[in-house]
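Visitor: For any residue, its number in the numbering used here is found by taking its place in the sequence shown, counting from 1, and adding 33.
By construction, these hints were calculated from the structure, which means they are not laboratory data.
Bear in mind the structure is a predicted one, so any value in this text is a computation, not a measurement.
No residue lacks a Cβ here, since even glycine has one placed at the ideal position from N, Cα and C.
Please note that the accuracy of each hint is not assured.
Pairwise CB distance ranges, derived in the manner of DEER restraints [as the list claims (entries may be wrong)]:
#1 Tyr549 - Val628: 11 to 21 Å
#2 Ala410 - Glu553: 36 to 46 Å
#3 Lys740 - Asn402: 25 to 35 Å
#4 Thr534 - His868: 43 to 53 Å
#5 Glu608 - Lys742: 45 to 55 Å
#6 Thr534 - Gln502: 45 to 55 Å
#7 Phe541 - Lys331: 19 to 29 Å
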Amino acid sequence: MIGLAKKEKWEVIKYVFLVPFYWLMMGVSAVIAFYQLLVKPHYWEKTHHGLHIKQAAANAKPQPSTASKVPSKMGNLIDGIKDGISAFKRYGLQGSALLIIATCLANLLNFVYNAYLSRNLSLEDFGTIGLIGSFALLASIPLNSLTRTVAYKSGKTFGKYKILNPLFSGKVRRGALLVGTAFTLIWIISTPLLSNYFQTQSGLSLMLIAPIWVVGVIYAVDYGLLEGNLKYGYLALLLTTESASKLLATWLLIVFGLNEYVYAAIPISLLATITVSTLILLKFRESGGKVLPAEESKFPSKFFTTSMLIKFSAVAFLSVDVILAKHFLSPEQAGGYTMVSLIGKMIFFTNGLFSQFITSIVSNDLGANRESKKTFAKILALSAFSSTLAYLVFGLFGYITAPILLGEKILPFVNLLWIYGLGMLLFSMSSNLISFNQIQNKYAYSIISFGLSLLQIGSVYLFHRDINQIVWVMAAVGALNFAITLLLPLFEDKITTFERTIVDVIDFFNPLPFEYRKPEKGGLRILIFNWRDTKHIWSGGAEVYLNELSKEFISKGHQVTLFCSNDNHNPPYEEIDGIKIVRKGGFMTVYAWAVLFYLFKFRGNHDVIIDSENGIPFFTPLYAKEPVIGLIHHVHQDIILKELNVAWYLLPLALAAKILETRVMPKAYRNSLMITVSESSRKDMERIGFADKTRVEIINPGVELEKFKTAEKTPDPTILYLGRLKSYKSIDTAIKAMKTVVELFPNAKLKIAGFGEDRPELEKLTKNLKIEENVEFLGKVPEEEKVKLLAESWVLVYPSAWEGWGITAIEANASGTPVVASNVPGLRDSVSNPHSGYLVEYKNPNHFAEKICKILEDTNLRESLNKTSLEWAQNYTWKKSANKLLELIKEIV
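Model the full structure from these sequences, guided by the hints.
Guide: Structure follows, in structure tokens:
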């Protein structure tokens with residue numbers, strides 16, 4: 034171009050603008066060739082020479098190779114890239130390739146659009162174009178977030194049902210139209226003020242772009258719908274339509290001398306694009322007769338909000354630094370920084386060629402219940418490969434490539450390209466990881482990224498002595514972003530708890546989703562406080578006890594609300610079997626939330642409170658006006674310190690819990706009716722001070738007799754342990770006893786059903802005793818499997834240090850299976866020795882082995898125990914227990 038200008042060949046210069054199209058086509062050819070090289074290196078469809086594989090050879094029977102295959106690092110790398118490319122095959126490789134090409138083409142057309150305007154508009158008008166571009170950048174925060182949110186929601190629906198969700202698409206499109214119209218009206222009203230503030234000659238330019246808000250939000254929704262439904266070919270068409278129509282409209286307006294109306298090209302292009310998108314979506318509106326659940330039309334507001342945070346972080350990293358550099362640096366250094374940032378944007382753009390597929394593909398996998406991590410890993414590999422390649426070309430070797438692209442003016446700053454480019458590369462990679470975690474509903478990543486963007490802005494504001502300082506700040510923030518994103522999974526539980534706390538605080542100011550109406554026919558409104566519910570990951574017998582009693586209460590016309598903690602795996606509000614469940618707080622904070630929820634939510638809406646103590650009581654008699662029934666399953670006392678292997682740093686907490694239970698609780702509940710589950714627990718309660726003025730009643734747990742049935746026993750002897758794998762459960766005693774049992778019964782098997790932190794140590798013990806073939810760890814089993822195991826086992830072993838009752842023993846008896854258990858409080862109440870099983874000395878493997886072998890070897894004894902176990906279980910039903918408790922409640926209400 035410079036040469037033609039020197040020769041004054043002005044009529045030829047316009048053809049120079051075709052050169053970028055040539056390089057674009059060359060780039061497309063290179064991508065296709067690269068794909069062929071990796072996937073089909075020995076076959077190219079249009080080539081019939083060289084290494085062409087003939088049809089005859091393809092049909093020939095393969096011969097075994099005598100040469101060994103030697104793996105190489107290069108081979109592994111190529112295999113990894115192949116996996117990445119194959120990840121797109123399921124979702125339409127052709128459409129994906131078209132979208133990548135269209136993305137490149139759209140950027141090229143936008144460059145031509147700006148170049149054309151710079152040559153045909155005055156500086157003032159071109160400045161207005163720049164101003165509009167800044168407005169567009171700010172508008173991209175909500176619009177891009179809307180696109181991602183719609184893609185996420187529709188992607189999950191498409192993965193699950195294989196249709197475009199007509200309810201969601203119609204609802205969100207109507208909502209977008211209303212919001213867009215409102216913003217357009219606000220923009221029109223504000224035009225005179227904006228025109229005066231930004232010193233434009235008239236408000237015409239700003240008035241002409243007002244429709245952007247209406248058509249922009251519709252375009253964002255339509256693009257997200259097509260993206261979520263994996264219609265990448267159509268997305269390529271939309272991108273091309275938008276950029277090409279904008280350039281065409283601009284050219285026509287200038288050719289016809291309507292320069293002052295050139296700003297209308299932007300809304301015109303968007304209008305043309307949504308016309309195309311509307312026609313496309315009409316094709317996919319049919320739901321195929323499927324009726325989707327109502328929740329499929331719900332807008333994911335949390336995802337939208339965190340998408341806004343992610344987009345703000347990107348805008349801050351890509352643009353705010355340039356604005357601050359323009360403000361703080363000299364004109365020469367600010368211009369140099371702008372050129373350096375352009376190189377960084379090239380790296381970010383290259384990463385985006387593949388990262389743009391993350392939201393739609395991963396959401397689709399989630400909806401279809403496919404493994405999304407593997408798919409994401411493949412996309413991440415492609416993004417990392419492309420952006421690292423861009424960093425090598427434009428960053429590390431930028432001293433060669435940058436002057437070619439941007440001219441000699443960048444030469445004084447090429448020494449900064451490697452560090453700025455590295456920061457941009459790391460920021461790009463962390464953005465991919467943040468997007469993936471956001472789709473997994475892990476929003477802390479988005480919030481922390483937003484916080485780091487504020488840190489970046491603040492750091493540039495404080496450290497801007499020269500261009501070097503700003504570049505190093507950007508690189509440091511990019512590296513910090515990447516490092517924190519990698520380290521966050523190590524603290525995921527704590528972060529999830531923090532997230533849940535924030536949500537709980539916000540939600541506290543909303544009304545409860547349940548209605549509290551007085552039950553008909555004199556029904557009671559019962560409020561239960563317990564630290565867990567049956568869906569909690571660490572739920573146990575205490576949770577089953579309250580759940581089964583609650584179901585009986587509801588069947589008799591009463592109303593039950595359960596307040597408990599949340600393990601971060603369940604919704605805060607849920608109704609199960611008629612029980613209204615409120616989950617707030619964690620292991621310790623649940624007690625504070627209980628006070629707040631009673632005072633501001635529950636007070637006056639219930640007739641009686643059941644306060645269940647699990648080491649630490651809720652102390653409801655101190656703040657509740659309703660009658661309180663205290664429930665204690667067992668007294669922990671020294672067990673907390675002696676049997677639970679409490680970590681040293683938790684000893685003060687354990688000691689405090691002991692004092693609360695043994696010293697404070699008897700005084701706080703002295704005027705309350707107390708209930709417990711066994712005679713052993715009642716005696717323990719008397720020992721800590723409940724004998725004087727407090728009434729203590731026993732409400733035994735029960736079983737669902739209709740659920741537990743007898744069945745044929747396994748051919749070989751099976752001993753079952755069912756429960757959590759915790760130290761106080763003493764499962765090691767059962768495993769050591771099994772060593773002796775195996776000597777007499779080599780085919781016997783101990784099945785351990787349950788999970789907990791002691792499993793690794795128990796597996797190690799099994800290996801040391803060399804009985805791995807005779808011990809099977811099943812993990813946590815579903816209810817149906819539990820019923821089957823109880824019925825087909827020969828013996829249930831129960832070696833605990835203590836139990837409040839031992840409900841599993843009764844369930845085994847109801848299945849016709851005897852029990853061998855520790856002779857400890859709770860178990861000596863639930864096991865009828867020697868009728869439903871045997872009680873033996875705690876922590877004595879020899880005694881356990883003796884009784885187990887006695888049952889296994891004596892068929893008559895075993896059959897007799899099976900019969901008497903069934904008879905013993907008939908004494909304990911939830912209906913009997915619930916009726917007894919209801920009589921007690923009616924006495925005090």
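Visitor: Look at each hint and say if it fits the structure.
Guide: Hint by hint, here is what the structure shows:
In this structure the hint that Tyr549 and Val628 lie 11 to 21 Å apart at CB holds, the actual value being about 19 Å. For Ala410 and Glu553, the hinted distance range of 36 to 46 Å is not satisfied, since their beta carbons lie about 57 Å from each other. Distance hint check for Lys740 and Asn402: the Cβ-Cβ separation is about 29 Å, which falls inside the suggested range of 25 to 35 Å. Separation of Thr534 from His868 is about 50 Å and conforms to the stated range, judged on CB atoms against 43 to 53 Å.
With their beta carbons about 29 Å apart, Glu608 and Lys742 fall outside the hinted range of 45 to 55 Å. Our hint of 45 to 55 Å for Thr534 and Gln502 is violated, since their Cβ atoms are close to 38 Å apart. For Phe541 and Lys331, the Cβ-Cβ distance of about 22 Å falls inside the hinted range of 19 to 29 Å, so the restraint holds.
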